[in-house]
Amino acid sequence: MTSASSATPVSARAVGITVSHLTKKFGPVTVLHDVSFEVRPGEIFCIMGPSGSGKTVILKHIVGLETPTSGEVRIGQLDAADPETRTKIHLAFVFQAGALFNSLSVYDNLALYPREHRLGNEAHIRDRVMHALSILSLDKTGDRMPSELSGGMKKRVAIARALVMEPQLLLYDEPTAELDPILSATITEIIGTLREQSAITSLVVTHDRSLALSIADRVALIMDGRIRAVGVPDDFKHTTDPTIANFLNPIIDLKNPRFKQLEKDHE
Amino acid sequence: MKQILGIIEGIGETVLLVARSARYANTLPRQFPRFIEQCYQIGYKTMPIVTILCFFIGSALAQQSGYSLEDFGGKQFIGALVGLSMARELGPVMVAILVAGRVGSAITAELASMKVYQEIDALVTMDIPPERILVLPRLAAILVMMPVLTMIANLCGWFGGALVCQYTASISVSSQSYFSVLERFMHMKDIVDSLIKAEVFGIVVITICCHIGLNTRGGPREIGASLTKAIVTSLIFILVLDFFINDILI
Chain H
0 MTSASSATPV SARAVGITVS HLTKKFGPVT VLHDVSFEVR PGEIFCIMGP
50 SGSGKTVILK HIVGLETPTS GEVRIGQLDA ADPETRTKIH LAFVFQAGAL
100 FNSLSVYDNL ALYPREHRLG NEAHIRDRVM HALSILSLDK TGDRMPSELS
150 GGMKKRVAIA RALVMEPQLL LYDEPTAELD PILSATITEI IGTLREQSAI
200 TSLVVTHDRS LALSIADRVA LIMDGRIRAV GVPDDFKHTT DPTIANFLNP
250 IIDLKNPRFK QLEKDHE
Chain D
0 MKQILGIIEG IGETVLLVAR SARYANTLPR QFPRFIEQCY QIGYKTMPIV
50 TILCFFIGSA LAQQSGYSLE DFGGKQFIGA LVGLSMAREL GPVMVAILVA
100 GRVGSAITAE LASMKVYQEI DALVTMDIPP ERILVLPRLA AILVMMPVLT
150 MIANLCGWFG GALVCQYTAS ISVSSQSYFS VLERFMHMKD IVDSLIKAEV
200 FGIVVITICC HIGLNTRGGP REIGASLTKA IVTSLIFILV LDFFINDILI
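Line order of the protein sequences matches chains H and D.
Residue numbers for the first sequence follow numbering that gives the first Met the number 0, so the first one is 0 and each next one is one higher.
Residue numbers for the second sequence follow numbering that gives the first Met the number 0, so the first one is 0 and each next one is one higher.
The set of hints was computed from the structure by calculation and includes no laboratory data.
Do not take every clue at face value.
In silico lysine-lysine, DSS-like type, Cα no more than 30 Å apart, as pairs [what the hints assert, rightly or not]:
| # | chain 1 | residue 1 | chain 2 | residue 2 |
| --- | --- | --- | --- | --- |
| 1 | H | Lys153 | H | Lys87 |
| 2 | D | Lys188 | D | Lys44 |
| 3 | D | Lys44 | H | Lys24 |
| 4 | H | Lys139 | H | Lys87 |
| 5 | D | Lys188 | H | Lys24 |
| 6 | H | Lys139 | H | Lys236 |
| 7 | H | Lys153 | H | Lys139 |
| 8 | H | Lys87 | H | Lys24 |
| 9 | D | Lys228 | H | Lys59 |
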């Protein structure tokens with residue numbers, strides 16, 4: 000499969016990611032097998048694959064929450080496993096469940112990063128937080144606690160919290176998981192709009208085929224911890240590879256022995 | 000052998016946690032609100048239970064020693080016995096146990112749930128070290144509050160003993176006589192030793208609870224397991240350290 004360049008002008012701050020021969024073992028289980036791919040500065044790159052295929056583990060290596068068993072991950076020229084990298088490159092991670100700080104209000108969740116890194120006085124921080132909230136249409140939620148928010152709102156607050164960091168690299172872990180189709184479309188639109196506005200590098204991990212194929216500049220398909228294909232969305236739409244085609248358009252075969260067994264169990 | 004190595008590894012990691020937190024000591028002035036919040040949680044909210052418990056420990060100690068010393072004609076020394084027992088042993092140990100049960104458990108539960116629900120991971124990705132904003136303010140607060148709580152515990156124990164001596168017919172030692180003996184046999188070193196023990200216990204309890212909370216893995220069920228582990232480990236360390244600190248201080 001081939002690759003295509005991003006249509007959006009690349010920001011000077013945007014950074015690329017290089018994953019080289021990444022292998023990860025948890026005890027005797029190998030989760031990632033010799034994974035290699037490259038994310039170019041300023042593009043939206045989607046890692047698509049079924050649940051349990053190792054997508055989130057790749058993201059955790061990029062943000063430095065996991066260290067490789069072998070191979071390496073580089074952000075720009077820097078080693079992702081080195082904690083110093085996070086001080087040199089602004090990267091933001093939107094967790095699947097939001098990972099909002101439950102003891103802080105929505106406003107304080109967003110203000111934590113600029114306050115802790117002393118990025119201006121309280122008035123400046125307020126402007127920054129309110130701007131991020133307004134981009135995601137969350138202007139009136141600042142005083143609310145995370146426990147009072149719906150799943151979709153939590154996702155949007157998590158994205159707003161990432162935006163306050165003014166990241167060079169924005170990582171999304173299953174941004175549309177557990178959301179209804181309308182909210183999924185909204186989140187998809189937000190990811191696209193953010194890239195249009197700030198031209199940052201975005202890496203999206205998802206099992207949502209429509210999200211990956213509608214938004215990405217390039218897509219990687221991962222299955223059982225191995226990269227099966229990398230290419231532009233059109234390559235995937237017109238694929239002749241039966242495994243990829245089956246992932247994109249799964250056919251439910253009721254004559255499958257697994258279904259027969261389920262039927263027997265039910266009886 | 001594996002278990003012993005695990006214990007040694009745990010002790011090493013706990014010491015490293017204190018060292019990593021101490022590296023951010025210069026950020027304490029701008030973390031003043033967090034420090035005050037922790038002083039409130041550790042000190043103010045623990046005070047009532049410390050007061051009640053130590054008052055009755057002092058009372059019970061006076062009752063028992065009154066009953067035992069009567070045979071030897073040594074009732075007049077009850078003040079010294081209660082005073083020294085509370086200051087040198089029961090005050091700091093009881094406060095440490097109460098802090099482990101009330102504050103330590105809350106800390107472990109909070110940090111473990113933050114870990115399980117990825118809030119700690121979020122902090123790390125935001126380049127905000129958890130040691131700086133979660134551990135350091137608690138360590139600073141325990142350093143300030145442990146001596147205060149221990150002195151309150153000692154005073155409550157002494158007054159509890161005095162009341163029992165005054166108003167129990169079988170003992171009937173006046174408060175004046177009780178406190179004059181207590182004063183005669185107590186030295187400044189006893190109070191200083193009491194506070195040193197309290198400080199060591201406080202730091203150990205908070206560090207163990209923070210360490211176990213921050214290293215929780217798995218789901219909500221592991222939060223409960225971490226809580227039990229933190230309390231049991233803290234209690235073991237309080238009592239084992241008590242023996243060794245006594246050995247050094249006496």
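Going through the hints against the structure:
no.	hint	in the structure
1	Lys153/H with Lys87/H	holds (28 Å)
2	Lys188/D with Lys44/D	holds (29 Å)
3	Lys44/D with Lys24/H	violated (46 Å)
4	Lys139/H with Lys87/H	violated (33 Å)
5	Lys188/D with Lys24/H	violated (56 Å)
6	Lys139/H with Lys236/H	violated (41 Å)
7	Lys153/H with Lys139/H	holds (14 Å)
8	Lys87/H with Lys24/H	holds (28 Å)
9	Lys228/D with Lys59/H	holds (28 Å)
Hint compliance for this structure: hints 3, 4, 5 and 6 are broken, all remaining hints hold.
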